[in-house]
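Asker: Each chain is listed here by its residues.
2 protein chains.
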Amino acid sequence: MALILNNIEKHVQLTVEEKELFLSKTEIHQYKAKTILLNSGQICKHSYFVNSGILRSFNINDNIVEHVLSFACEGWWMGDMYSLISQKPGNLFIEVLEDAELVLLSKENQEQLYTEIPKLERFFRILTQNSLVANQERLMDNLSLSAEERFDKFNKRYANLVHKIPQKQIASYIGVTPEFFSKMKAKLLKRN
Amino acid sequence: MALILNNIEKHVQLTVEEKELFLSKTEIHQYKAKTILLNSGQICKHSYFVNSGILRSFNINDNIVEHVLSFACEGWWMGDMYSLISQKPGNLFIEVLEDAELVLLSKENQEQLYTEIPKLERFFRILTQNSLVANQERLMDNLSLSAEERFDKFNKRYANLVHKIPQKQIASYIGVTPEFFSKMKAKLLKRN
DNA sequence: AAAACTTCTTAATCTAGGTTAAGTGCAAAA
DNA sequence: TTTTGCACTTAACCTAGATTAAGAAGTTTT
Chain A
6 MALILNNIEK HVQLTVEEKE LFLSKTEIHQ YKAKTILLNS GQICKHSYFV NSGILRSFNI
66 NDNIVEHVLS FACEGWWMGD MYSLISQKPG NLFIEVLEDA ELVLLSKENQ EQLYTEIPKL
126 ERFFRILTQN SLVANQERLM DNLSLSAEER FDKFNKRYAN LVHKIPQKQI ASYIGVTPEF
186 FSKMKAKLLK RN
Chain B
6 MALILNNIEK HVQLTVEEKE LFLSKTEIHQ YKAKTILLNS GQICKHSYFV NSGILRSFNI
66 NDNIVEHVLS FACEGWWMGD MYSLISQKPG NLFIEVLEDA ELVLLSKENQ EQLYTEIPKL
126 ERFFRILTQN SLVANQERLM DNLSLSAEER FDKFNKRYAN LVHKIPQKQI ASYIGVTPEF
186 FSKMKAKLLK RN
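Those protein sequence lines, which keep their order, are chains A and B. The opening position of the first sequence corresponds to residue 6 in our numbering, with each subsequent residue numbered one higher. The opening position of the second sequence corresponds to residue 6 in our numbering, with each subsequent residue numbered one higher.
No wet-lab data here; the hints were simulated from the structure. Even for Gly, the Cβ is constructed at its ideal location relative to N, Cα and C. Don't take each hint at face value.
Claimed, not checked - Straight-line distance between alpha carbons at most 27 angstroms, and here's what the computed DSSO-like set of lysine-lysine pairs gives:
1. B:K161 x A:K124
2. A:K30 x B:K112
3. A:K15 x B:K112
As the list claims (entries may be wrong) - Chain A is faced by these chain B residues, among others (derived, beta-carbon under 7 angstroms):
4. H16
5. N64
6. M86
7. R130
8. Q134
9. V138
10. S151
As the list claims (entries may be wrong) - Now the in silico label distances, taken between C-beta atoms and shown as ranges:
11. B:S111 x A:L10: 28 to 34 angstroms
12. B:K169 x A:N160: 37 to 43 angstroms
13. B:Q35 x A:S151: 37 to 43 angstroms
14. B:E79 x A:E142: 55 to 61 angstroms
15. A:S91 x B:G46: 35 to 41 angstroms
Just need the whole structure built from these sequences, with the hints factored in.
Answerer: Pasting the structure below:
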């Protein structure tokens, strides 16, 4: 359970009482692989922190093609930010890729904590800023890098994940078809 | 000058004293079109709020190709978030596209305000969350929509901007070459 | 341990968008 | 007022990656 507190304390210092208050507002749950935590069209009620296992968020466009927005493994946060802040139905799915233990923080408790412990508002501000920076970089990468270079970046961002998740989902994350990804991989192997 | 306070008060309520304190930490400057507010490799020292005029942020990749990250017109904020939070040299340029009046808020003053007026930390948290949501949507759009559809989205996001900025920069924003954009535009005109 | 699914691969063919190049129309220098 | 330099267009040709299809290799279910 220390993991989430460590994560928070990378950015703000909490007192013992604050840590207890924070933990009292969270729940821990276990989920099996393939569980859908959030469906498109639903309202996202929780932020998820990954103690163990792997999650992914994705949407499905008109052509019935999935596009992976993000993965989350140990120590990462996950949620549908749009739905979470607007409390309207979102477009994202959140799925468990590998059996997971998650810390759940409900929208209401999160809002309460912002007021009760302003340091937590700071923490989530910083977290969101970091996400935004990463997202902006990925956006620019998608505009200027080749599929191969984007695969490199994926590997740096999500170290070790290559071996743990179906490669069609990596293809989706970097924005190519599974067929093209397979071809690209074969080319990379031959080259090295 | 009311503009920036209105902008803030869409999300948090400030007292008269707080508004004064906030304003005392900002500066107003006028800039001519083509002014470079921030160069790649520099450390971003300010957040910019646009009272009037138009800004854009972009980077330049190895091939000497520009990629537009964002535009900002009246009522929008602009900055290099990466450089601003890390205080390290960034990759972004920020340029004035149309003569502008800007409100400057320095990194140090912004940090002080977070502590002096926690409501402002809340305000910037919300602002950053909204940016993140918009960025995630654009990322997914880039993975799943055609150039034409992305142009539609550009028009919705930046109403009226089509007529005010060089079209090669719209092309860059949606992620196509100026030549292709020109061809696409001709096709759209013929169709309607 | 077969049946039923999925994931991954290979290969032929196709296309959205890129590249190169040449020309037009302006606005800003000079 | 000419000249320089962008912004934009058009058109021929090119390519990264998509699409379609079919088979191979696991996994999961029964």
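Asker: State for each hint whether it applies.
Answerer: Do the hints match the structure? See the list:
no., hint, verdict
1, B:K161 x A:K124, "violated, 36 angstroms"
2, A:K30 x B:K112, "violated, 33 angstroms"
3, A:K15 x B:K112, "holds, 21 angstroms"
4, H16, "violated, 11 angstroms"
5, N64, "holds, 6 angstroms"
6, M86, "holds, 5 angstroms"
7, R130, "holds, 4 angstroms"
8, Q134, "holds, 5 angstroms"
9, V138, "holds, 5 angstroms"
10, S151, "violated, 11 angstroms"
11, B:S111 x A:L10: 28 to 34 angstroms, "holds, 33 angstroms"
12, B:K169 x A:N160: 37 to 43 angstroms, "holds, 41 angstroms"
13, B:Q35 x A:S151: 37 to 43 angstroms, "holds, 42 angstroms"
14, B:E79 x A:E142: 55 to 61 angstroms, "violated, 27 angstroms"
15, A:S91 x B:G46: 35 to 41 angstroms, "holds, 38 angstroms"
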